Every structure is written in C-alpha cells, then in structure tokens.
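J.: Respectively, the protein sequence lines represent chains C and Z.
Numbering-wise, the UniProt record's numbering puts 207 at position 207 of the first sequence, and it's gapless, one number per residue.
Numbering-wise, the UniProt record's numbering puts 3 at position 3 of the second sequence, and it's gapless, one number per residue.
Please keep in mind that the hints were generated in silico from the structure rather than gathered at the bench.
The reader is advised that the hints may include incorrect statements.
Here are the in silico distance ranges between beta carbons for each label pair [unchecked claim]:
1) Thr159(Z) x Ala125(C): 18 to 28 Å
2) Pro32(Z) x Pro223(C): 22 to 32 Å
3) Thr5(C) x Thr159(Z): 30 to 40 Å
4) Thr159(Z) x Pro124(C): 22 to 32 Å
5) Thr159(Z) x Val219(C): 23 to 33 Å
6) Gln129(Z) x Lys275(C): 42 to 52 Å
7) Ser78(C) x Thr159(Z): 39 to 49 Å
8) Gly152(C) x Arg132(Z): 22 to 32 Å
9) His170(C) x Leu86(Z): 51 to 61 Å
Which residues of chain Z face chain C? A few of them, derived with a C-beta cut under 10 Å, are [said to hold, decoys possible]:
10) Arg5
11) Asp35
12) Ala41
13) Val47
14) Tyr79
15) Gly113
16) Gly117
17) Phe118
18) Pro131
19) Ile171
20) Pro176
21) Leu184
Keep in mind the model is a prediction, meaning the values are calculated, not measured.
Here a beta-carbon is modelled for each residue, glycine too, at the ideal position from N, C-alpha and C.
Single-letter residue listing:
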Amino acid sequence: MRQLTVLATGPQALVQDLGRPGNAHLGVPPSGALDAPSLKLANRLVGNPENAAGLELLLGGFHARAHESCTIAVTGPSVDVRVNERLVDSHSPVHLRADDVLAIGAPQTGLRSYLAVSGGIDVPAELGSRSTDLLSGIGPAQIQKDQVLPLGTPGIPIGEDVVPPVQIPHELVIPITLGPRDDWFDDPAKQLDGGRWTVSDRSNRVGARLDGTKLDRIVGELPSEGMVTGAVQVPPNGLPVIFLNDHPTTGGYPVIGVVPGGYLPHIAQARPGTKMRFRPLG
Amino acid sequence: MLLRRCGTDALLVEVDSIHEVAAVRAALAGIPEIDELVPAARTVLVVGGLTEARRALENIDLTAEHPSSTREVVIPTHYDGPDLQLVADTARITPERVIELHTGATYEVAFCGFAPGFGYLTGLPEELQQPRLDEPRTKVPAGSVGIAGEFTAAYPRATPGGWRLIGRTEITLFDPRADPPTLLAPGDTVRFEVAG
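Could you put the whole structure together from the sequences, leaning on the hints where they help?
T.: Listed below in structure tokens is the structure:
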C-alpha cells in the first residue's frame, strides 16, 4: 500500500485541495488551501493534477515516514526540509524511498507550508472535495500523530523545476473594492486609506482578524446576506475581519469592501503582528 | 431592486421582500455562467456570470408568481419540543392548535445558511411568527424543529441556537457523503407531518 505514517503534526496539519466552491446556496463554505497557488505548485512538482489533495501545515513541525517510494514537494515560504536528517530542497521534487523519514521545519517567515505527495492524499471526498472545513466540520478530521494517510495512484512528475519560495513582505498593502455595504460607513475610502492594522493572533481559516483602527459604522444589523471569500466584514467593534476559505456562507455584519482573490494567499501567510494597510480601488 | 458591487466578480442583488428574493433567484437559476447563487432574506448573491445575470435582471417582474418547485419534501416531526407550550401561550392557542397550524401549512425553502443544510422556510402561519428566545441555547440537538420570526427550520446538526423549539425530526438533513448532501435546497416545497 502506498501510505504515509504521520510521526509529528506540528501545530496544525490539514488535508486540503482546492475546496468545494459552488455549494454556498446549501450553506456549505468553499474551504480549500488558503494559499492555493502554493498547493497547485507542489502538486505540479510531483506530477499530480493541481487539485489533488495535499497537506496544509501551520508553522511546520511535520514528520512522516513513507511506506513505499514516492515523490514529495514542499512549497509556501522558505523552509527546512530533511530526509533522514539530511537537508534537501524545498520547492523542488524530492524522492523518498521506503522507510525514509521526512521532516519539515518551521518556515522562517510566513505561516503555511504545503506538502504534495505523488498520487495525492487519498481520503474519501465530501461534496467533491477532500478539504477539511474547520467551520462546518466537513471533510477529514485534523491530522493526528500516528495516523496513516493513504496515497492515490501517482502520475508522471514534470521533472526538475526551479521555483522561488513565496516572499513574505513586512507590511501588507492590500487593494480593496468598496461595497456591497460601504454606505454603512462615513467616507469609507478615506477611513480605509487612513487606517493602520496588524494581523491578530485570533485569525484562522475562517478569517483574518485585524487589530488597529476601528472603522466608524452605522449601529445596527443587516438581515443575513451571502458572503464572498475576501469580504471585509465589520462587526460592531469596528475591527475588520477578512473572510478566508472556511468563512460562513451568510452573515449579518456590513461588508465595507472585498479583497481581490489574488491577494488572499498573502493574507493567509501573514503572521500575527504583520502590519497591514488597505488601498481602496476607485 | 438595487445591484451592489461585491468585489470584481460578484454582485449583491438587493430587493424589498423574501418574495422578490424568490423571483430573482428563479430568474437567475440555470444560467450556466453563474458559479454561485446565494439567496438570503433580502438579497441574492451572484458570483460569476455577471453579464448574463445583469441581462436576465433587466426585464424581471418582481411581482410575478415564480413557478414553484416540483420537489416536495415531507419532514416527519415529533411535536414534543421544549418551547411548544411557550409558543402556544404566546399565540394564545393550545399546543394541539400549534401542531395543526404547523403541519397544515405549505412552506418554501427561501434560502440556506447558518450551517450546512439549514434551510430557512417561509410560509409560517401568522400566529406562529414569534420572536427568538431571550437567551439562546448553547446547544440545540440535531433534528430540532423550531420557529423564529417569519421562518421555521429543522437543525441539521447540534449547534447553538435561539429559535423556539416545537418538535424534532429523525430525518437526515445533511450528509456530506450523500448526493445531494442536503435534504433541502432553495426553492423546494416543504411540509411537516406528525411522525407516527
């Protein structure tokens, strides 16, 4: 059997693919890898389809033993990867023989590493996806030490590739389109433009919570309405929350604006304490 | 009807009533370019296919009766909820009359939200339209049937909740490995019957 035995999980190891979008009308969040470009890259490096299930590792610390030979790749921020304690490259296909032990260290910057294994993690799909949705409890449970992960049938690796790690900026400047509920805020563009925030340690896969400037909004609540990934919701305390992949499908707090999808991986990689500004788009 | 921008590839269509929401949803259902269509209490969120959606909304008649769904779901219910007496007292009727009213009505799934498979059903008789509990419960058991405002619903799984609970069902409302995964989808017709 092609399998991987987990020897250590680190703070949080989750099975993630590209999620289950298209089910919001049933109350089902999209879920999926927060830094999707990194998962897709890891999959390409080991010869998998881009949407194969890999592991999303929060702050590394993941160790595993291969039962049979397989190809792996680790992407995301720059990180130490070792096979039988010998340093190997991240962002590159690495061959494991039977009984080799893989150890992924903590990234020097950023938060989330992605591990792809040839054949993909072959756990049962739910609503067309193997992703763990931490909000709704859909998909496989969080990975535990000593768990044995089944692997699927491998494809053909594309061969050596030189890929730079994700660069993590010291300060994030995030574009935002105003609306749908910018009319709940007095001069929303000016408030967003002038505000200064840091990423809170209460952030998770549901949303990136920000500390800092409190946005001034109308008091009250909306009837619940549909929420997109990247929506910047402002609860009564005025501190914005940027919805990430495990976000609830509906919500009753006004959304001042929406962050374009291409910037969400940067937010998903931002450690607590990272400085953040918004740049309102016209 | 107001179209609100929601990022670069989504629109929030805002209308004045839950009936207009149903009309908008019906007008946009089946447009293949649309990736997500999420009705809610006064809005419909459209993700993808915005050109096609705008065109379909140009000539929409919000007052028209939309064709009702062909799918009818029956939810067998044991009417022994902890708030049945409270609901009866609030409406100044007997618990038996509450059950009669709740099973006598025909409902429609206006939208899903809050949790996977949690359908907000409209069509609740006026006597049963009552406020939420002052203190929400920290845990409402799966299968609980409740009412709140203009809606009734059955809880697919155990969650916190503030609805007044009048009964419970043993029917599966959400199974992520089933196809379809939810018993209810927007537009479905629903009735409740007394479980045997």
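J.: Against this structure, judge whether each hint is valid.
T.: Evaluated hints:
Range check, Thr159(Z) to Ala125(C): about 24 Å between beta-carbon atoms, so the 18 to 28 Å window is met. A hinted range of 22 to 32 Å holds for the C-beta pair Pro32(Z) and Pro223(C), which are about 29 Å apart. Hint check: Thr5(C) to Thr159(Z), Cβ distance near 35 Å, so the stated range 30 to 40 Å holds. Hint check: Thr159(Z) to Pro124(C), Cβ distance near 24 Å, so the stated range 22 to 32 Å holds.
Hint check: Thr159(Z) to Val219(C), Cβ distance near 27 Å, so the stated range 23 to 33 Å holds. Distance hint check for Gln129(Z) and Lys275(C): the Cβ-Cβ separation is about 49 Å, which falls inside the suggested range of 42 to 52 Å. Taking 39 to 49 Å as the suggested C-beta distance range, the pair Ser78(C) and Thr159(Z) conforms, at roughly 41 Å. Checked against the hint of 22 to 32 Å, the pair Gly152(C) and Arg132(Z) fails, with Cβ atoms roughly 47 Å apart.
Checked against the hint of 51 to 61 Å, the C-beta distance between His170(C) and Leu86(Z) comes to roughly 56 Å, which is consistent with it. Interface restraint check for Arg5(Z): the shortest CB-CB distance to chain C comes to about 4 Å, inside 10 Å, so the restraint holds. The criterion of a C-beta within 10 Å of any C-beta in chain C is met by Asp35(Z), whose closest approach is roughly 6 Å, and the hint holds. Checking Ala41(Z) against chain C: minimum C-beta separation of about 4 Å stays under 10 Å; hint holds.
Below 10 Å, beta-carbon pairs count as interface contacts, and Val47(Z) has one with chain C at about 6 Å; its hint therefore holds. A cut of 10 Å between beta carbons decides the hint on Tyr79(Z): the least distance to chain C is about 25 Å, and the hint is violated. With its C-beta approaching chain C no nearer than about 4 Å, Gly113(Z) sits inside the 10 Å limit, and its interface hint holds. Among the interface hints, the one on Gly117(Z) holds; its C-beta lies about 6 Å from the nearest C-beta in chain C, closer than the 10 Å criterion.
Here the hint on Phe118(Z) is kept, as its CB sits about 5 Å from the closest CB of chain C, short of 10 Å. Hint status for Pro131(Z) relative to chain C: violated, with the closest Cβ pair at about 15 Å, above 10 Å. Taking 10 Å as the C-beta contact cut-off toward chain C, the hint placing Ile171(Z) at the interface is violated, the least distance being around 16 Å. Restraint check, Pro176(Z) versus chain C: the minimum CB separation of about 4 Å is within 10 Å; hint holds.
Using the Cβ-Cβ criterion of 10 Å, the hint placing Leu184(Z) at the interface with chain C is satisfied: the shortest such distance is roughly 8 Å.
Comparing the model with each numbered hint stated earlier shows that hints 8, 14, 18 and 19 do not hold.
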